[in-house]
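> What follows is each chain in one-letter form.
2 protein chains.
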Amino acid sequence: MADGSWIAIDAMGGDEGLATMLAGVAHARRRHESMRFLLVGDEAAIRAGLESHPNLSAASEIVHAPEVVGSSDKPSQAIRRAKTTSMGIAINLVKQGRAAAAVSSGNTGALMAMAKLALRTMPGIDRPALAALLPSLGDNDLVMLDLGANAECDARNLVQFAVMGAAYARTALDLESPRVALLNIGTEELKGIDSVREAAATLRASPHLPMTFTGYIEGDRLSRGQVDVVVCDGFSGNIALKTAEGTARFVADLLKRAFRSSVRSKIGFLISKPATELLRHHLDPNNHNGAVFLGLNGLVVKSHGSANAIGVSNAIQVAAKMVRDDLTRSIASDLAGIEAQAA
Amino acid sequence: MADGSWIAIDAMGGDEGLATMLAGVAHARRRHESMRFLLVGDEAAIRAGLESHPNLSAASEIVHAPEVVGSSDKPSQAIRRAKTTSMGIAINLVKQGRAAAAVSSGNTGALMAMAKLALRTMPGIDRPALAALLPSLGDNDLVMLDLGANAECDARNLVQFAVMGAAYARTALDLESPRVALLNIGTEELKGIDSVREAAATLRASPHLPMTFTGYIEGDRLSRGQVDVVVCDGFSGNIALKTAEGTARFVADLLKRAFRSSVRSKIGFLISKPATELLRHHLDPNNHNGAVFLGLNGLVVKSHGSANAIGVSNAIQVAAKMVRDDLTRSIASDLAGIEAQAA
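First to last, the protein sequences are chains E and B. Sequential numbering from 0 applies to the first sequence in numbering that gives the first Met the number 0. Sequential numbering from 0 applies to the second sequence in numbering that gives the first Met the number 0.
Isolated chain E, as found in the complex (with noise of 0.2 Å):
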């Protein structure tokens, strides 16, 4: 990342507390040693948290923050607090320029719009999209987005995602020319919803932006390594991702449930565990960490708020890679490209 940015981290947020905050926060130290933090929450208890982590103190500073924004929230109750919450400062910090990224384990809904209302979207960019990387047979992880920042979306907003997510995955998967997929229920060109459709001839129509539109992609194929970004609405795509997430987890508790059927299928499981347990690895959420907030003059990561030290980290590493790339320099190049075609 540029020397000299620093990553705001809002140590109070997440449901694994400060310890696991800090924790996180020193192992992304460790991996990069030019990475600096602005921590900000309760001052007393993040210098105590520092003691165990001499390297950590070194390269930061704190942030007295009041008050935290509680898990349960309403947005619209925590945008009151902005000033005063360990969110809110951490989001103004970039805001103000001391900060390249924030980066929080809170509440999503609070932290989308206390994002929006203080870092405001980018010129060309109606809404901003919540972006994830997903798990794939691949050779890479999977940008989706948007994951639920807006409920209802129009042809506009889908080729508006469709240039961030490729942007964003330029940035986070290292590819020239992401593969791009509109999400949808078929894979002829008549199928689907309106919105879909005129998004499809939109990105048809467009060669040469800085990716490969490979057109429709069903849920079934998500996982397949065949696409690097899929777009769509953020009702649908939030039912997708939970969908994927809580199918995983039924097919786990699945397979608990046949190896402890019988003492053989027991013993079965103890020899091949370390087959299971690299399963889980591919599959544990904290190494698919930090999903992003696109389209804002400003960088966020949201960390999951169950997200281990490792997690953490890995949330701070998508938050210094964007900073590095100048992500948001790059959409808004792309936008204006776009812009530029139509006119």
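Keep in mind the hints are simulated off the structure, nothing from the lab. Note that CB positions come from ideal geometry on N, CA and C, so glycine has one too. Some hints here could point you the wrong way.
[To be verified] Here are a few chain B residues that face chain E, going by a calculated C-beta distance under 7 Å:
1) Ala150
2) Thr246
3) Ala257
4) Ile270
With the hints as your guide, set chain B onto chain E.
Relative to chain E, chain B alone:
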């Protein structure tokens, strides 16, 4: 099922061919001695195939159809050949009252279009819906609809789907008052899109319906066994269904990779094979086969294109239960209740 009722079988549809269809019908017949079948398709081929199934021969009649709907035929093409294809003739036998239900493993889009055109929607139903049974961790399978018949739905459609889904769950799952939920991207009252919120308000205000409306459900809870019926528009429903199928296959593929990763894990796999077979059995789509078009003046069941004989037999079982419980009448009477309440 009611004595004297016949089930029409599109003997030519499906990827597995006539022999599999006939083996499936014969299996269903062995389960239920009173079942009788109208086998629709190429007369000579069916006659030859029946030689291996004397028990089925005695309980069936052949209805000749000179043509077959192809798996990639467009619905509009198929409709034009409704009177000459095995699929079209099977549906027409329902329309004429000669069969109480039709079962096909053929092209879904064509089946839906033909069924809708021939049978028309029931009074009080604006649009038919495609419903299926999905595996869950609960005591029974889960009914989910719409799975793709209608890409866009308003609140009124969703309420009708809830009524039809509950009636279907009473029949297919033998439940008195099925727990019904609307698929949404949050569980708070204000979450999601207008159509879902309005449908929830109507269902909350209809406590006289033979269902227990439980509010919203998110994608990650679908298979937890907490509800019996999940209602959604056909776009997000199809995406959720296919994402679930794809994720289950993804996890199974990862597991296979993991088991193959070392000699040790291969040995563990062999020992625990009965356990993983149990899992495979639970997830096998053949064991949940038989999607249903609800809301038409006649019963039509869609069997998976790749269903094996057991799968076909299960789809026929679904049709037989609907015939036995006179599902069409049951939906009509619930709808009358909701209309009376609204008046």
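> Determine which of the earlier numbered hints do not hold for this structure and return their numbers in increasing order.
Every hint satisfied by this model.
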